[in-house]
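Let chain A serve as the given structure and place chain B on it in line with the hints.
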Amino acid sequence: MSCPHAIEGLTPKPLLRLRAHPLRIALVGNPNVGKSVIFGRLTGRYVTVSNYPGTTVAVTRGRATVGAEVCDIVDTPGVNMLEGALSEDEKVTRDLVASGKAELIVQVADARNLRRALMLTSQIAAFGRPTILVLNMIDEARARGVDIDTAGLAAELGIPVIEAVATEGRGLAELREALTEAAPLDGGIATGVTHLQWADEMAHRFRTIGPMSLGRFQEWLGRAVREPLTGLPILILVLYLTYLAVGVLGAQTLVGLLEDGLFGTWLNPWARSLAAHIPVAFVRDFLVGDYGLVTMGMTYAIAIVLPVVTTFFLVFGILEDSGYIPRLAIFSDRIFRAMGLNGKAVLPMVLGLGCDTMATMTTRILATPKERLIAILLLALGVPCSAQLATIMGILGGVSFWALLTLFGVVVFQMIFVGFLAARLLPGDRSDFIMELPPMRLPRLGNLATKTGLRVRWYLGEALPLFLVGTALLFALDRVGGLAVIAQATRPVVSGLLGLPPKAAEVFVMGFLRRDYGAAGMFLMARDGALTHVQAVVALTVMTLFVPCVANFLMIVKERGLRVGLAILGFVTVMAVGTGAVLNGVLGFFHVAF
Amino acid sequence: MWPSEGVHQLSALRAGSRGRIVRVQRDLTPRAERLAALGVGPGARITVLQTFPGIVIECDQTELALERVVGSAIWIAVE
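Read top to bottom, the protein sequences are chains A and B.
Note that the first sequence covers residues 1309 to 1902 in the numbering used here.
Note that the second sequence covers residues 29 to 107 in the numbering used here.
Next up, chain B with everything else stripped away, as it sits in the complex:
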């Protein structure tokens, strides 16, 4: 779906991974909008803290918990 090298869905990353958001998929729900309001949008740097039972990321000094479906809509250029 996203051909470039080193870009993965957030939901596929392991705990401890770091990277920069390159894209947040838009759909008919306000998902992308809500994420953006929390600072999770293209350009933001994130660290994956935990993947089970839910995904926890750190973005901008703040911990955010997300469900898997949300994580699969966020594409990360892993560093």
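Isolated chain A, as found in the complex:
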């Protein structure tokens, strides 16, 4: 590798200049080129890294020390263009670059795809900021037979061009050094021709493509997962393995170990015997009673939900990093089109299985406001989050396969039905399905471990307090007789329409706080024999379709405003109860017992 700045390095230019604030450096580039990896390497801050376009949908800031100077580094959502019709995540980046908040631009490029990167370079040039081009994943490009004349390109563009393999830290030292050499691109580099023509010519001059030496298996796998004949069996296999990991290992084996073992045998009896020394019955009950912080709140959060989300996040991380999820878009495009979306919507929908709140934010990758609204509505309505999904599997897996199928059948039908209506009733258009498929890759263990660890920590940080608050609330309601009032007031709906025991009303109240908290309550009711099989199916269907949790609701309000949030809340509640009532009626009419 030759670096044009290596010679100039003999007379080092000081980066230290008088400035009122730290130098602001923005990492800009096409989607899925590794901006977040470089951000992590420069700042030491981890932001989620995956193998699909759209992992980053908001800017992240961090500090890095370069030489003697502290710099502000900004990680941005990937963009294919900076002008024209942009999606909301692309606008975030364009606004940042245009606002002057990025004083220096580090364009990160996938070396495989120099032409497309240069198209973006020619648009970055228009902003006249000092720029550096990083050709990332140079190893993968070489394996595909792509060879780039880096020195020639650097000389032509007049800016430093760095070769890098960011996941291994290669090229990062060169990048730090080159920060002093960044120069503005010639704003007129693409005058008289289109960006595409200019990029075409540049790529032609500085890139040669030789024979490919890509691993045969990798190539075969990439093809096998997208072709229907092999792709559909693979999809079924993936779903089944996910079920084994989350539904069996997580929801049954690990939950059993933690709930019966750790909490049932050790912690709860120990907490009770300790609490027996507390003279005030009120405090004692608050800690270890029926609605006790330890016996209920902690048990739910740690023993029932934690094992499930951990196994789910792990499997999910593998799927994310392998590049598999975007390929599902090919199969689902037709169905999503009927719902006013396109195949790209598979990303937020599948992410919703992890956490609906995060997925609501990811809808930014969708191109039109109508698509975003429909996707947010469907996420709130039907997509169960990881914890909920596993409690569903935990309860209904023990009932029968048909029970599980009935629930998912009803939920999927409702989503398609609502999507179909929304596509026709809401104003606006859907956009074309045009999507990049990232290469299939073997997930890196380090990233997988970091990502899963952070997500579990995030779950504990977010869910545990809410579980405890929820438990305290239930305790208070129970004390003042509020639970009885709620049970009485909702009896016509809960018992009359849905055919559930009155205690189920409590569980729905818990579901308002977090859906998984409610689902965990349901889990215990089912296990204690308080629900018949039909009741379990009806209750879980209603809970799945039921209102989004507080966090998801707040995210909807943040993304789409209070009016839309309340409208979705109202609609989803009516829809859930209505569906449950019909399901209860139909199951009763046909005497289905599962």
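Hints in this document: simulated from the structure, not taken from any laboratory.
Note that beta-carbon positions come from the ideal geometry of N, C-alpha and C, so glycine has one too.
Check each hint, because a few of them may be wrong.
Distance ranges between label pairs, derived from CB positions [claimed, not checked]:
#: 1; chain 1: B; residue 1: H36; chain 2: A; residue 2: R1478; range: 57 to 65 Å
#: 2; chain 1: B; residue 1: H36; chain 2: A; residue 2: P1330; range: 50 to 58 Å
#: 3; chain 1: A; residue 1: P1519; chain 2: B; residue 2: H36; range: 25 to 33 Å
Below, chain B alone, put in the same frame as chain A:
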């Protein structure tokens, strides 16, 4: 619509076909613009990898999935 010999809509090509893009039809939507941003514009060489359930092409070392309508707006000089 396009009279010259050997030029076809992408949506009409079979898997395994190779060619060069000669034209991307423009309409009122940002379709052509989005395609261009992905490197799919006149002059680009493509290979059709798959046609069902959606079209998958390779352009510039990258796989792209497209729906049929988009494919019918792209005209290819088949090699």
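These are the hints, each one checked on the structure:
1. In this structure the hint that B:H36 and A:R1478 lie 57 to 65 Å apart at CB is violated, the actual value being about 43 Å.
2. Range check, B:H36 to A:P1330: about 55 Å between beta-carbon atoms, so the 50 to 58 Å window is met.
3. The given range of 25 to 33 Å is respected by A:P1519 and B:H36, whose C-beta atoms sit roughly 28 Å from each other.
Consistency with the previously given hints fails for number 1 only.
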